[in-house]
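Go ahead and model the full structure; you've got the sequences and the hints to work with.
Protein chains: 2
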Amino acid sequence: MSVASSLHHFLRPRLFHSQNLFAAFPHSPQLFILPCRCRIPRPGASASSTTATTTSNEAQLPVCDDDEATMAASERSPIDVNPPRGTRDFPPEDMRLRNWLFDNFREISRVLSFEEVDFPVLESEALFIRKAGEEITQQLYNFEDKGGRRVVLRPEITPSLARLVIKQGKSVSLPLKWFTIGQCWRYERMTRGRRREHYQWNMDIIGISKIRAEAELIHAIVLLFERLGIKSSDVGIKVSSRKVLERVLQLHSMPEKLFAEVCVIVDKLGKVTREEIEKDLISAGVSTQAVQGIVEVLSLKSLSKIEEFLGSEEEAVADLKKLFSLAEHYGYSQWINFDASVVRGLAYYNGIVFEAFDREGKLRAICGGGRYDRLLSTFGYDDIPACGFGFGDAVILELLKEKDLLPDVLRHVDDIVLPLDEELAGPASKIASSLRKEGRSVDIIEDKRLKWVFKHAEKINAKRLILVGNTEWQRGMVIVKNLASREELQVKIDEVASLS
Amino acid sequence: MSVASSLHHFLRPRLFHSQNLFAAFPHSPQLFILPCRCRIPRPGASASSTTATTTSNEAQLPVCDDDEATMAASERSPIDVNPPRGTRDFPPEDMRLRNWLFDNFREISRVLSFEEVDFPVLESEALFIRKAGEEITQQLYNFEDKGGRRVVLRPEITPSLARLVIKQGKSVSLPLKWFTIGQCWRYERMTRGRRREHYQWNMDIIGISKIRAEAELIHAIVLLFERLGIKSSDVGIKVSSRKVLERVLQLHSMPEKLFAEVCVIVDKLGKVTREEIEKDLISAGVSTQAVQGIVEVLSLKSLSKIEEFLGSEEEAVADLKKLFSLAEHYGYSQWINFDASVVRGLAYYNGIVFEAFDREGKLRAICGGGRYDRLLSTFGYDDIPACGFGFGDAVILELLKEKDLLPDVLRHVDDIVLPLDEELAGPASKIASSLRKEGRSVDIIEDKRLKWVFKHAEKINAKRLILVGNTEWQRGMVIVKNLASREELQVKIDEVASLS
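Chain order of the listed sequences is X and Y.
Heads up: the first sequence begins at 518 in our numbering, then just goes up one per residue.
Heads up: the second sequence begins at 518 in our numbering, then just goes up one per residue.
Hint data in this document are derived by calculation from the structure and do not stem from the laboratory.
Worth double-checking, as some hints may not be accurate.
The calculated PhoX-like cross-link candidates involving lysine-lysine, where the alpha carbons are at most 25 Å apart (straight line), are [as the list claims (entries may be wrong)]:
#, chain 1, residue 1, chain 2, residue 2
1, Y, K998, Y, K968
2, X, K687, Y, K972
3, Y, K687, X, K954
4, Y, K839, X, K947
5, X, K663, Y, K648
6, X, K684, Y, K972
7, Y, K838, X, K947
8, Y, K972, X, K954
9, Y, K687, X, K976
10, Y, K879, Y, K839
11, X, K785, X, K879
12, X, K755, Y, K687
13, Y, K755, X, K947
14, Y, K663, X, K648
15, X, K838, Y, K947
16, Y, K648, Y, K774
17, X, K972, X, K998
18, X, K839, Y, K947
19, Y, K755, Y, K879
20, X, K947, Y, K748
21, X, K748, Y, K947
22, X, K788, X, K879
23, Y, K822, X, K839
24, Y, K976, X, K687
25, X, K920, Y, K879
Below is the structure:
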């Protein structure tokens, strides 16, 4: 996950946009807020009550007595039915889409042989106190708990992961390859309809200093894109190394402690004017010459230019060459390109950094990550080489929608069991129970007209309708209607489960 | 979710116990906290560096240069590596157990044809403000956000669900059958090692006033127990109806508004003395005669006694009889029994209530739920009949451990790719990439001794070891070792993926 949160920074102006991207899914119904005291009608509730005692496709079903349960609203003034500002509900259709996306995250993580981990969404504020001026630490959703402790709804997951790595200590053998999918939060006062939470897929490799780690992480990202139907003509992954900037600072004899802050400032390039960046660098204590060196190196458009500028012996150059060479072997060269302007917004990166973007340049970064070998020492422990990325749930869904790649995540049910008479509630239970024991998903429908049932069956993609009628039941049978073929059979009760 | 939170109440003294039940899993390594500035050793890092250029099972693998990345810890004093008090981390082995449990929750929900939903873990406090004296509302993890809004880390999920039902309004057709698995929080000042968060599986049926809803929910719980290997001799589900208490209050001409508070007080029976209960009831405004009526009815041990006491025309009696009759048809009669003392601790229940418990009586309630037809009006909207349960992640794992039913949730990987030479990093990438494209899970191992690799392979249950050696690679081959059969083959590079 690691660099996950740099998303917050990089995508600053729009990442937590209020548009619910899950709700952008074409099958999402339009939600609306009911006026207070409105009544939610139950289909069929106003139909006349008839009692069907024989089985027929046209049978009018008995209407239930649900009406009586509708009570007058209390005197309390209606509550706001929206979730807290900047947060989302996930009704079933949005949840299906979210599960689909997360299942893809999990499948790629499995294929890369990563293990899933998780951490509390509530963390100690101390884990996120950094002084490099990152937006992520300026927008903490923090507060004091009743015991006087400073806590925070985590803005990113990397620090928790680092905490657990330290805690696990000698009980684990390095390298660790961990992934997690978790919710991250931010708070900003200016509410321009931005979201305050998003979900993030994180993959991290702890204990590998070689470029293999970066190459594996980028492989995961590429495999995900391919799995989702995204092409390398749609999306690219920009790669650079912070060692380039580090070297420039060294060449100008700037103190090492400026490094993180310089990176955070430089990351704003493209979002604020170059003049502002230069001003901020000077304020931070960077010399005018060093500022010019930084500006110059960031404008270089190829690795060979960087090599010319810094010399081929330079670590930054060697790292990047190694990565591009490995990419060739993995077979994902067409997805990546060098871009000196990529810095990422998190303070703790110290080596290769990368971010995926749509080639049309319409959207914010899709994901981003990098190497963070020096994070553990900021917590007071010895460092371990580490590398990771964060991949949010927002931009990828925007992109998939744009490219018409969102799937039809429909509801599926095997059987609908329909007692045709109130007296048959028991037998219907028996049938449903035997089908469920076979692992079939079974909906029992009562007190609805057949028309409603057929519409419902279509909506939930039911395979079969099991009609439990009096006459048949007496003979130990039910009617099984295959909803695809429209075929209808009388089947012995014991054989319903085995017939599919 | 619904009645989920009544768990908090019922299980008051121990529900959020600090014992990490996932960590109770036998495969969990013992975690410990490192002394500050300790160094985490990387296996193999101290081994001598030899370069194997030919392939052999006995080859000594090159040792990587990971060591150089270990840096001295900073001057910062070490942070606390524990998660916030009362919360849990989920390292891989605990996460596998959690996923296993949640997958079972999901599978049962699927079989019952429920749809998954989700809500923000952060909610408006207004959703949980109730005056019946429930423990759950007295232990809210609440605070004011920076915008001055009263918010809360939700203690239960039912109110969020009700909120979404109202919000969805006319866009949805009733009944709704929803499930969710989410984290719930509580805050209590007295920290006796109790947990402040747990996960809860919730299933709710909205829009069915018939006892079918309760019968379906109990069916789900029973199916889960059966799936987990739990027997009806291990676990029972106690069932009662709050309508019994409601009727007693009516018989003594007590005002209806006392109902919720009386239920919350009475729920404490068995945890505090009968004298205290009686005192609290009197304080609440219940007459001495009504108190005696309540005490009398709660001690009745069978449904027929209740019938005698209230008369067979009584709704409470009819409801319970209907439920027991349906249970017979579903085939789970042996799991349920009537128990007048079951009330549950949430204010909003108004009909049938139930809870599952281990028959030995060693543990707290495993899950609990009931009917809450009048919740929506407390939010200022018209009511809709509803019913649900909450099922925590804690007690069930305790029980499974007790009964020796915890599974071996092991890590599984298909292939380990092992370049036998640093120069073969590229070819190894190529092989790994082709295997992953086939959906195989592939770990690439570098810079480790063969002994470590075999140990690792055993630990992660790898099926195959793919050795990439120079000699073979020149001939377009790799060595594939089947780790179960110990069979070793030279295989053409293109055929590695198809051979399994």
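Evaluation of the provided hints:
For a cut-off of 25 Å, the pair hint linking K998/Y to K968/Y stands: about 15 Å separates their Cα positions. Taking the CA atoms of K687/X and K972/Y, the gap is about 17 Å. The hint holds against a cut of 25 Å. At most 25 Å may separate the alpha-carbon atoms for a hinted pair to count; K687/Y and K954/X exceed this at roughly 34 Å. Simply put, K839/Y and K947/X have alpha-carbon atoms about 15 Å apart, close enough for the 25 Å limit, and the pair holds.
For the proposed pair K663/X and K648/Y, the alpha carbon gap of about 21 Å is at most 25 Å, so the pair holds. For the given pair, K684/X sits about 23 Å from K972/Y by alpha-carbon distance, which is consistent with the 25 Å threshold. This hinted pair checks out: K838/Y and K947/X have alpha carbons roughly 17 Å apart, not beyond 25 Å. The straight-line distance between the Cα atoms of K972/Y and K954/X is roughly 40 Å, outside the 25 Å bound, and the hint therefore fails.
Distance hint between K687/Y and K976/X is fulfilled; the C-alpha atoms sit about 16 Å from each other, no more than 25 Å. For the proposed pair K879/Y and K839/Y, the alpha carbon gap of about 31 Å is over 25 Å, so the pair is violated. Taking the CA atoms of K785/X and K879/X, the gap is near 18 Å; set against the 25 Å cutoff, the hint holds. Restraint check for K755/X and K687/Y: the C-alpha separation of about 46 Å exceeds 25 Å, so the hint is violated.
Taken as a hint, the K755/Y and K947/X pair is honoured in the structure, with Cα atoms around 22 Å apart against an allowance of 25 Å. Between the alpha carbons of K663/Y and K648/X the distance comes to roughly 21 Å, so the proposed pair stays at or under 25 Å and holds. For a cut-off of 25 Å, the pair hint linking K838/X to K947/Y stands: about 17 Å separates their Cα positions. Taking the CA atoms of K648/Y and K774/Y, the gap is near 11 Å; set against the 25 Å cutoff, the hint holds.
For a cut-off of 25 Å, the pair hint linking K972/X to K998/X stands: about 15 Å separates their Cα positions. A distance of roughly 15 Å separates the Cα atoms of K839/X and K947/Y; the hinted pair therefore holds under the 25 Å criterion. Distance restraint check for K755/Y and K879/Y: the Cα-Cα separation of roughly 16 Å lies within the 25 Å cut-off, and the hinted pair is therefore satisfied. Using a Cα cut-off of 25 Å, the hinted pair K947/X and K748/Y holds, with the two alpha carbons roughly 20 Å apart.
Only pairs whose Cα atoms come within 25 Å are accepted, and K748/X paired with K947/Y is accepted, the gap being roughly 20 Å. This hinted pair checks out: K788/X and K879/X have alpha carbons roughly 14 Å apart, not beyond 25 Å. Annotation: proposed proximity of K822/Y to K839/X is violated, straight-line Cα distance about 81 Å (limit 25 Å). With a CA separation close to 16 Å, the supplied pair K976/Y and K687/X stays within the 25 Å bound.
Between the alpha carbons of K920/X and K879/Y the distance comes to roughly 57 Å, so the proposed pair goes past 25 Å and is violated.
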